[in-house]
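Trainee: Chains as they are written, first to last, in numbering that gives the first Met the number 0: chain A, 0 to 137; chain B, 0 to 137.
No wet-lab data here; the hints were simulated from the structure.
Do not take every clue at face value.
Note that identical chains are pooled: a pair holds if it fits in a single copy or bridges any two copies.
[To be verified] Keeping only pairs whose Cα atoms sit at most 30 Å apart, straight-line, the calculated DSS-like set for lysine-lysine is: (1) Lys-51 x Lys-23; (2) Lys-95 x Lys-128; (3) Lys-19 x Lys-95; (4) Lys-19 x Lys-124; (5) Lys-128 x Lys-19; (6) Lys-19 x Lys-51; (7) Lys-100 x Lys-23; (8) Lys-100 x Lys-124; (9) Lys-124 x Lys-113; (10) Lys-51 x Lys-127; (11) Lys-128 x Lys-23; (12) Lys-113 x Lys-127; (13) Lys-113 x Lys-19; (14) Lys-124 x Lys-51; (15) Lys-95 x Lys-51; (16) Lys-51 x Lys-72; (17) Lys-100 x Lys-128; (18) Lys-19 x Lys-127; (19) Lys-127 x Lys-72; (20) Lys-19 x Lys-100; (21) Lys-100 x Lys-113.
Number of protein chains: 2
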Amino acid sequence: MEIRNCINFLLSSSQNTVFKYFSKRLAEYGITPSQYGVLNCLWTYGDISPSKIREILNLEASSVSGILDRMQKNELIERQIDQNNQRAIIVSLTEKSMAIKDGVEAVVSEMNEKFLEPFSDDERKILKKALFTIIDME
Amino acid sequence: MEIRNCINFLLSSSQNTVFKYFSKRLAEYGITPSQYGVLNCLWTYGDISPSKIREILNLEASSVSGILDRMQKNELIERQIDQNNQRAIIVSLTEKSMAIKDGVEAVVSEMNEKFLEPFSDDERKILKKALFTIIDME
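Bound-form chain A, shown alone:
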């Protein structure tokens, strides 16, 4: 089989292209694409548990834990005991991560526009629907 017909190659290679560009642009704000995922959860839902972040971002628990460790060290998040459940952790934004929201969201919009620009509205819909479907086949 031609490698360019292999779905693993197509996804790995296109993800690599987008990830490299996105990483470079987010570096201006001192964050990585994975950290953007976490910030997006917090900007959208407010204080949230690590397991909810894991569920939204479709990640392993160990990956989320590592991402949160680095973010806490960089003062991008805080972890506190949930006042309603002393055995649970709640993740919150910091002043630093609230301050970069508008700049980071502008980068995300621009990145999406750059990589989706070649496609018609119908093609974008089909692409997104296909990728959702694959994600949910896990």
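For this one, chain A is given, so just place chain B on it according to the hints.
Mentor: Quick look at chain B alone, frame taken from chain A:
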């Protein structure tokens, strides 16, 4: 922005799903998805230079070098001096990697069929074309 509209999230997450499945299936043959990429080059083109592999697979030179090191250690490839150019390296298959070709190709076909099964022929064409386009936007 909803994270599920972010193209980096969609590609990373779908790639993660496919990669996990593919890795598990290829483990039966003692190879990884990256190593399959190299074997695909060798099965398709015969003896080939590391830079040609890099070009076909859209990888960094340092990544290819690391993948080839591990494959050589596992007796999946050989590296020899090119007889036509004493400064160049040529990568070749081994008996071990020739022996697993049919089995691995059956896994690749099955993996593609599994993840593309939900889509019509038109949707498959649009998905592949969109991913090619993104890869080439590098």
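Trainee: Please go over all the hints and tell whether each is borne out by the structure.
Mentor: Here's how the hints hold up against the structure:
| no. | hint | result |
| --- | --- | --- |
| 1 | Lys-51 x Lys-23 | both (27 Å within a copy, 26 Å between copies) |
| 2 | Lys-95 x Lys-128 | neither (35 Å within a copy, 40 Å between copies) |
| 3 | Lys-19 x Lys-95 | within (24 Å within a copy, 35 Å between copies) |
| 4 | Lys-19 x Lys-124 | both (24 Å within a copy, 25 Å between copies) |
| 5 | Lys-128 x Lys-19 | both (23 Å within a copy, 20 Å between copies) |
| 6 | Lys-19 x Lys-51 | both (27 Å within a copy, 21 Å between copies) |
| 7 | Lys-100 x Lys-23 | within (17 Å within a copy, 38 Å between copies) |
| 8 | Lys-100 x Lys-124 | within (27 Å within a copy, 37 Å between copies) |
| 9 | Lys-124 x Lys-113 | both (16 Å within a copy, 21 Å between copies) |
| 10 | Lys-51 x Lys-127 | within (23 Å within a copy, 32 Å between copies) |
| 11 | Lys-128 x Lys-23 | both (27 Å within a copy, 25 Å between copies) |
| 12 | Lys-113 x Lys-127 | both (15 Å within a copy, 18 Å between copies) |
| 13 | Lys-113 x Lys-19 | both (13 Å within a copy, 28 Å between copies) |
| 14 | Lys-124 x Lys-51 | within (27 Å within a copy, 35 Å between copies) |
| 15 | Lys-95 x Lys-51 | within (22 Å within a copy, 45 Å between copies) |
| 16 | Lys-51 x Lys-72 | within (21 Å within a copy, 42 Å between copies) |
| 17 | Lys-100 x Lys-128 | within (27 Å within a copy, 33 Å between copies) |
| 18 | Lys-19 x Lys-127 | both (20 Å within a copy, 20 Å between copies) |
| 19 | Lys-127 x Lys-72 | neither (34 Å within a copy, 40 Å between copies) |
| 20 | Lys-19 x Lys-100 | within (21 Å within a copy, 32 Å between copies) |
| 21 | Lys-100 x Lys-113 | within (20 Å within a copy, 39 Å between copies) |
Checked against the numbered hints given earlier, this structure breaks hints 2, 19; the rest are met.
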